Amino acid sequence: MIINIASAIFVLLYGAGVGMMLLSLTKNHRKNDESDSNLSPLLFIASSFFVGAGGVTLAQFLLSLVGVPISASLLLFTPIAFFGWWINRFAFLKKPVITIDWKLASWIGVVFLLAIFFLRASGRTIYVWDGVAFWLPKIYALWQDQRVFPSTFIEFNHPEYPLLLPMIGANVFTVLGQANEVAAKSALFAFTIAGIVAFTQFILKKLPSHWVIPFLFSSLLIYIFREHVAGEYVGTADILVGFYLMMGTIHLLEKRVVLAIITWCFAPWAKTEGMIWVLASSGMIFLLFKEARKSLFIFLPFLAFPWSVYNRAIGFSSQYFKFDELYPRPWIDYAVYSIHAFREEFRNLEKWGLAFYLFFAVTILRFKKILFDKALVVLFVAAGAQVFAYMIIFTIAPEEQASFIAASVSRLTLHIAFSVLCITAYIIGMERKQLNGAKAR
Amino acid sequence: VNKLEALLPLLGWFYLSLSGIFLFLFVRKRQALESFVISMILFAWMLLSIAGLKQEILLAEQGKPRWTDSWQSKIHQEIGSMYQTYFEVFHPLVPRGALVHLFETSTLEFHVARMYLYPASVIQAGFEREYTPVYAVVGEADANKLQNGEVLARVNGKILMKLGEK
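Here the protein sequences come in this chain order: A and B. Going by this note's numbering, the first residue of the first sequence is number 1, and it counts up by one from there. Going by this note's numbering, the first residue of the second sequence is number 1, and it counts up by one from there.
It is worth saying that the hints were derived from the structure and are not from the lab. All values derive from a computational prediction rather than experimental measurement. Warning: the hint list may mix true and false statements.
[As the list claims (entries may be wrong)] Listed below are the simulated EDC-like cross-link pairs for lysine to aspartate or glutamate, each with C-alpha atoms no more than 20 angstroms apart in a straight line:
1) A:K368 - B:E34
2) B:K162 - B:E88
3) B:K74 - A:E227
4) B:K74 - A:E232
5) B:K74 - B:E61
6) B:K74 - A:E291
7) B:K162 - B:D142
8) B:K74 - B:E109
9) B:K64 - A:E232
10) B:K54 - A:E350
11) A:K205 - A:D373
12) B:K162 - B:E104
13) A:K290 - A:E350
14) B:K64 - A:E227
15) A:K205 - A:D101
16) A:K290 - A:E227
17) A:K255 - A:D101
18) B:K145 - B:E88
19) A:K369 - B:E34
20) B:K64 - B:E78
21) B:K54 - A:E232
22) B:K162 - B:E140
23) B:K162 - B:E150
24) B:K54 - A:E227
25) A:K255 - A:E291
26) B:K74 - B:E88
All chains, full assembly: derive it from the sequences and hints.
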């Protein structure tokens, strides 16, 4: 149990430390004011972790291509992680990270939920089909080879899937010096901690106080979410895509456009599907945020480069886009079925509670206001593009459609679910912001 | 008309509730009604979530005996003796790149063996195949079906054999 907790904390601290250094390179990570775009200490740690975890694993992959073993690159980033914490130590000492007020009750509840999620997650090894078929085997392969060879993953299903999760697992194996599958699984809980902390911070900031507790706990108790952070699906990468998209969404809604772009760019490193969101949101940011165009030109190619190297090194493309294998189908019927799949998913109370009902309700209620908010327009287009792309995949993929949908629609919906929840909270909070503004005037 | 009728079941309470919300757009005191709608959905959602919380606590309690178990024991609870068989015993005996044939195994065992025997390659095979593998994993009962094999290891009812190339 101690090794499991230590693995999660190690990954969290290490990733956050490196992330702090990377975020120091951008202008708008922390300011000495109380503006909306200022990162609170906890949000700073959480967002640094997402950037750091993605950055380290991506760099480890690139370094491994030139012959640097994973163990050596992990050692190489260790002083950077320490330095990241050291230069930011005053940011956490200036004021308490959590204050003693009504919000403390929410935090106590969140910590309780995190504890029971962790106990369940670390109670079993990785056992779901995807975990055993390719995520866990890739951890073993990386750990033993200490490098990425083009032939490394050809043995396993989905050799084209990216390496955020396997690289973290391989790092844990390397540090422990043994194939401790449960520790590798526990280490992935660092994403859950960072994700839930960021989500809680955002909800506490945006929602009117009387709605915080019902919204927060209903969101965290969503069945599909629980299964991915505590249950069967821990050790698969879909929730990681969801967390990256959510973190970027929080940044964009709090007017940190550059950080949103950087964070989203790591989503495809968790799973290729994140690419759709990155492309759609980048296009919309280019159109609507003139001030962010320069950053877009800098960061997108910078982060797309290793991604492109990975695809070339591995030499595989997604199995779902084999246009040469398309065969005659009743396309309209297939497309309609795909649309209904998501409709059924959104209204599935057992899986999602009333998350999507609330989202659609507030979207309709505040439709005009949404149209005039640039960040929301970007997010709606990105989420819409994501769902639309999945509908296309469900329609054209060579797999048998109904089985394919049944096996994957919940996991794909999870990619956007927490971004949607943040959007919902933001839209609900819009009214309060306007009222506060009117009172101030 | 038939197609329209077929659409009716789709227009269930989900769409009716959405159209109900649309109606609010046209009434006065909209802000109060918006708050009412959001409050009601959140209240209902929270009631649904209480069941989720109970379930999560129950699952955590059920897992209590496993909290202090060793990680090897947790793997054993999931896949039995496969970790010991394939990773601890067979893996060191199979060189990189060797092709190991698994005879008459389940799909789960094939995936687990493929993972634990890496960097060797693993394929599933049946005894009717014509070629002779170099390395093979067979059950105790089937060991005599492979001729001229050298037994490299025998553990948990599985035998790792090295056979002459054809």
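Hints, one by one, checked against the model:
With a CA separation close to 14 angstroms, the supplied pair K368 of chain A and E34 of chain B stays within the 20 angstroms bound. Distance check on the hinted pair: K162 of chain B and E88 of chain B sit about 18 angstroms apart at the alpha-carbon level, within 20 angstroms; holds. Restraint check for K74 of chain B and E227 of chain A: the C-alpha separation of about 18 angstroms stays at or below 20 angstroms, so the hint holds. Between the alpha carbons of K74 of chain B and E232 of chain A the distance comes to roughly 14 angstroms, so the proposed pair stays at or under 20 angstroms and holds.
About 16 angstroms separates the Cα atoms of K74 of chain B and E61 of chain B, which keeps this hinted pair within 20 angstroms; it holds. With a C-alpha separation of about 52 angstroms, the suggested pair K74 of chain B and E291 of chain A falls outside the 20 angstroms cut-off, and the hint is violated. This hinted pair checks out: K162 of chain B and D142 of chain B have alpha carbons roughly 15 angstroms apart, not beyond 20 angstroms. In summary, the hint linking K74 of chain B to E109 of chain B is supported, as the alpha carbons are separated by about 17 angstroms, within the 20 angstroms threshold.
Straight-line distance between C-alpha atoms of K64 of chain B and E232 of chain A comes to about 17 angstroms, which keeps the hinted pair within the 20 angstroms bound. Distance hint between K54 of chain B and E350 of chain A is fulfilled; the C-alpha atoms sit about 14 angstroms from each other, no more than 20 angstroms. As the CA atoms of K205 of chain A and D373 of chain A are separated by approximately 18 angstroms, the hinted pair is consistent with the 20 angstroms bound. As the CA atoms of K162 of chain B and E104 of chain B are separated by approximately 17 angstroms, the hinted pair is consistent with the 20 angstroms bound.
With a C-alpha separation of about 42 angstroms, the suggested pair K290 of chain A and E350 of chain A falls outside the 20 angstroms cut-off, and the hint is violated. With a C-alpha separation of about 18 angstroms, the suggested pair K64 of chain B and E227 of chain A falls inside the 20 angstroms cut-off, and the hint holds. Straight-line distance between C-alpha atoms of K205 of chain A and D101 of chain A comes to about 14 angstroms, which keeps the hinted pair within the 20 angstroms bound. Proximity of K290 of chain A to E227 of chain A is assessed by CA-CA distance (about 40 angstroms); at most 20 angstroms being required, the pair is judged violated.
Taken as a hint, the K255 of chain A and D101 of chain A pair is broken in the structure, with Cα atoms around 27 angstroms apart against an allowance of 20 angstroms. Taken as a hint, the K145 of chain B and E88 of chain B pair is broken in the structure, with Cα atoms around 26 angstroms apart against an allowance of 20 angstroms. With a C-alpha separation of about 14 angstroms, the suggested pairing of K369 of chain A with E34 of chain B holds against the 20 angstroms cut-off. For the suggested pair K64 of chain B and E78 of chain B, the alpha carbons sit about 16 angstroms apart, so the restraint of at most 20 angstroms is met.
With a CA separation close to 18 angstroms, the supplied pair K54 of chain B and E232 of chain A stays within the 20 angstroms bound. Pair hint K162 of chain B plus E140 of chain B holds up; C-alpha atoms about 15 angstroms apart against a cutoff of 20 angstroms. Between the alpha carbons of K162 of chain B and E150 of chain B the distance comes to roughly 5 angstroms, so the proposed pair stays at or under 20 angstroms and holds. Between K54 of chain B and E227 of chain A the alpha-carbon distance is near 14 angstroms, which keeps this suggested pair within the 20 angstroms criterion.
At most 20 angstroms may separate the alpha-carbon atoms for a hinted pair to count; K255 of chain A and E291 of chain A meet this at roughly 12 angstroms. For the suggested pair K74 of chain B and E88 of chain B, the alpha carbons sit about 16 angstroms apart, so the restraint of at most 20 angstroms is met.
In summary, the numbered hints that this structure violates are 6, 13, 16, 17 and 18.
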